[in-house]
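Engineer: Given next are the chains, with one letter for each unit.
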Amino acid sequence: MLEIKDLHVKLEDEDKQILKGLSLTVPSGEVHAIMGPNGSGKSTMSYVLSGKGGYEVTGGSATLDGVDLLEMEAEERAATGLFLAFQYPVEIPGVGNMTFLRTAVNSQRKARGEDELSAAAFLKLVRARAKALKIDAEMLKRPVNVGFSGGEKKRNEILQMAMLEPKMCILDETDSGLDVDAMKLVAEGVNALRDGKRSFLVITHYQRLLDHIKPDVVHIMAAGRIIKTGGPDLALEVEHNGYADLLAEVV
Amino acid sequence: MSRAQALKAKQTAAVARIDVANLPTGGAWLNGARKAAVSRLQQMGLPARRDEYWGFTRPDLLVAPAAQAAPVLPVEAVPPFDAIERLKIVFVDGVLDLEASDDLSAENLEISSLAEAGRRDIHWAQDLYGALEAAAHDPVARPLGALNTALATEGVLIRVTGKVSRPVSLCYLRREAESDAVLHHLIRLEAGAEMTLLENGPAAARLNKVTEVDLAAGASFHHVRTQGRDHGRQAVALLFARIAEKARFKSFTLTVNGALTRNEAVIDITGDDAVVTIAGAAAGDGSDGVFHQDDTIFLTHDGVNCQSRQVFKKVLRNGATGVFQGKILVRPGAQKTDGYQLAQALMLDDDSQFLAKPELEIHADDVACSHGATVGAIDEEALFYLVSRGVPRRIAKDMLVLAFLADALDEIEDQPIRDDLKSRLQGWVERHAR
Ligand SMILES: Nc1ncnc2c1ncn2[C@@H]1O[C@H](COP(=O)(O)OP(=O)(O)OP(=O)(O)O)[C@@H](O)[C@H]1O
Ligand SMILES: [Mg+2]
Chain V
265 MLEIKDLHVK LEDEDKQILK GLSLTVPSGE VHAIMGPNGS GKSTMSYVLS
315 GKGGYEVTGG SATLDGVDLL EMEAEERAAT GLFLAFQYPV EIPGVGNMTF
365 LRTAVNSQRK ARGEDELSAA AFLKLVRARA KALKIDAEML KRPVNVGFSG
415 GEKKRNEILQ MAMLEPKMCI LDETDSGLDV DAMKLVAEGV NALRDGKRSF
465 LVITHYQRLL DHIKPDVVHI MAAGRIIKTG GPDLALEVEH NGYADLLAEV
515 V
Chain A
19 MSRAQALKAK QTAAVARIDV ANLPTGGAWL NGARKAAVSR LQQMGLPARR
69 DEYWGFTRPD LLVAPAAQAA PVLPVEAVPP FDAIERLKIV FVDGVLDLEA
119 SDDLSAENLE ISSLAEAGRR DIHWAQDLYG ALEAAAHDPV ARPLGALNTA
169 LATEGVLIRV TGKVSRPVSL CYLRREAESD AVLHHLIRLE AGAEMTLLEN
219 GPAAARLNKV TEVDLAAGAS FHHVRTQGRD HGRQAVALLF ARIAEKARFK
269 SFTLTVNGAL TRNEAVIDIT GDDAVVTIAG AAAGDGSDGV FHQDDTIFLT
319 HDGVNCQSRQ VFKKVLRNGA TGVFQGKILV RPGAQKTDGY QLAQALMLDD
369 DSQFLAKPEL EIHADDVACS HGATVGAIDE EALFYLVSRG VPRRIAKDML
419 VLAFLADALD EIEDQPIRDD LKSRLQGWVE RHAR
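Sequence lines, in order, name chains V and A. Each residue of the first sequence is one higher than the last, beginning at 265 in our numbering. Each residue of the second sequence is one higher than the last, beginning at 19 in our numbering.
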């Protein structure tokens, strides 16, 4: 279970507050969606949870299954089971996709005191998971995200998620840049990972994705905090009416 | 000091340097070449701080009367190229050790030593010894080359007449803390001949090495060398190459550690349709002692439809210094030239420095040349991406350092050789991680 309580975050180098009392709980096994206007702090929240530098937590807490996330190094958070599918996956020339994935999988296993996967076992697993996402072997051999199309990058994020088998998956606009078929593929990839225990926090601007990945709960975020929480219908409401009414309610 | 005074001072220094050197005698035809080199050197004088291409690297240690001692370190358990089937030629403190070397006879290869060459008529060597060096002083003098031609008594002469099956591997071992070696190699590939030359090992406390490479039409020369495992080393390695039509020249150098390493290459493409690549990867950590590594390249296009690539990458930390001075000169008439030059440094801290001088001089209109030098730090976005997947920060950093250097290493065509150097570099990166 992910529990964020009254989280306040500012930029490290600037006097700019971005998260202003964010509270959110995602119980085990549930899928929650977050929608919200541009610049409301959705990506910032996902970065802060996963341990990116440049932000300063000025108040509040964030725990995963009771463990304080904010005290941990980024790699420890990953090994604990937190995963972020990036809004903008980074291109890393010179680092092979396979080498990277294998290092990541085995680093996490090592950190958890598990045996590392052999080269053969890893290869078998990655091939199967890649095939399900229609990622061809040639793409796996290329450097991380280099020369990938927007959609390929997003599918590659889901492949990493499938390989790392995290407890808590945050998907930051994974649907942006995807064509209709690719979106289905990604949604299937996500749904395949739903096992009743794993939780998802899906950040999106569009109802479309939520047709494929059915959320249990929808949150609306604005100006650094959650202003409304509801059922799947809330997403439909936003799709039709935009944020104006919701924002007006708060004020 | 006026120009004339400065030249006078350099000339005086040259005379003084030659006076304290034991000028070799008794080399028959070699004597003439040495005398000519002495007078060249007296004319141009020794390099000084204000000379072009000596502004970033101090020549003092390289021209001093005696070598500064450098501790002899144990060689690695498995030296570079160990697993590669090759013809080994061993030098100890700059002296050829025939006992320790393989049998020098091989198909399509004529190998002899400079030490004995003077006593024999080896026509191709007579024509080549000091010739490319002598031709390389215009427009910029390379006095350490002339000094080498004047002083060298050791080196190998390799003539290749066809395809050579095994690489020829020059292994330089060290025993003496103060050894001062002067090596002069000659390599001539006849038309259509092919060979790979490997070099590794510390050679000496101080090394001045000249390699003159003469490629006839359609010849193909591959060269891979490593310089490492000798922290106090002061070395200048000068490569003079002349490249005829349709010839291929590929040279790669890996430099790790070393107080002073100056790798200078003067490459003349004289024929049409030739392809030249010169690349290097350097990794220096100032906490091991001084690290100063310098690549100085002067590449001249004088043929039509030729390609040249320069790819240099340096990783620097703890006060290490990297220098790149690379010039592409396209002579009138050298149309359809494709010249590429890339020099990049990755700084792992604020204490290190990268000094770069990329130059283009083009006298033909139908050419495509690019050049540039950049310096950067570890990409924090990339680092976070790796770490967010659970890769420990230190390992993620190593991955990015190796990825940065990979561009240069990928210029090595032969995969087993490339893999060998990559794993060595990985070892270095892991040992030097913080
Ligand atoms: N490193 C930074 N430097 C300056 N401003 C920042 C930084 N990170 C975030 N911000 C600002 O914080 C606010 C929230 O940004 P964030 O990217 O979290 O929004 P978002 O909700 O993800 O928006 P979108 O829907 O457009 O992806 C924005 O105003 C953004 O400009
Ligand atoms: Mg965002």
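Be a bit skeptical, because a hint or two may be false.
[What the hints assert, rightly or not] With a Cα cut of at most 25 Å, we get these calculated SDA-like pairs of lysine to any residue:
| hint | chain 1 | residue 1 | chain 2 | residue 2 |
| --- | --- | --- | --- | --- |
| 1 | V | K431 | A | A101 |
| 2 | A | K415 | V | D279 |
| 3 | A | K26 | A | H155 |
| 4 | A | K415 | V | D270 |
| 5 | A | K440 | V | K431 |
| 6 | A | K415 | V | P357 |
| 7 | V | K316 | A | G394 |
| 8 | A | K440 | V | N370 |
| 9 | V | K316 | A | E399 |
| 10 | V | K405 | A | R412 |
[Said to hold, decoys possible] Computed footprint of chain A on chain V, listed as stretches where at least three residues anywhere in the stretch have a Cβ under 8 Å from a Cβ of chain A:
| hint | region |
| --- | --- |
| 11 | 314-321 |
| 12 | 357-363 |
| 13 | 382-391 |
Note that these hints are calculated values from the structure, not bench results. Here the structure is a predicted model, which means the values were calculated and not measured. Here a beta-carbon is modelled for each residue, glycine too, at the ideal position from N, C-alpha and C.
Engineer: Checked against the structure, which of the hints given earlier come out wrong?
Structural biologist: 1, 2, 4, 5 and 13
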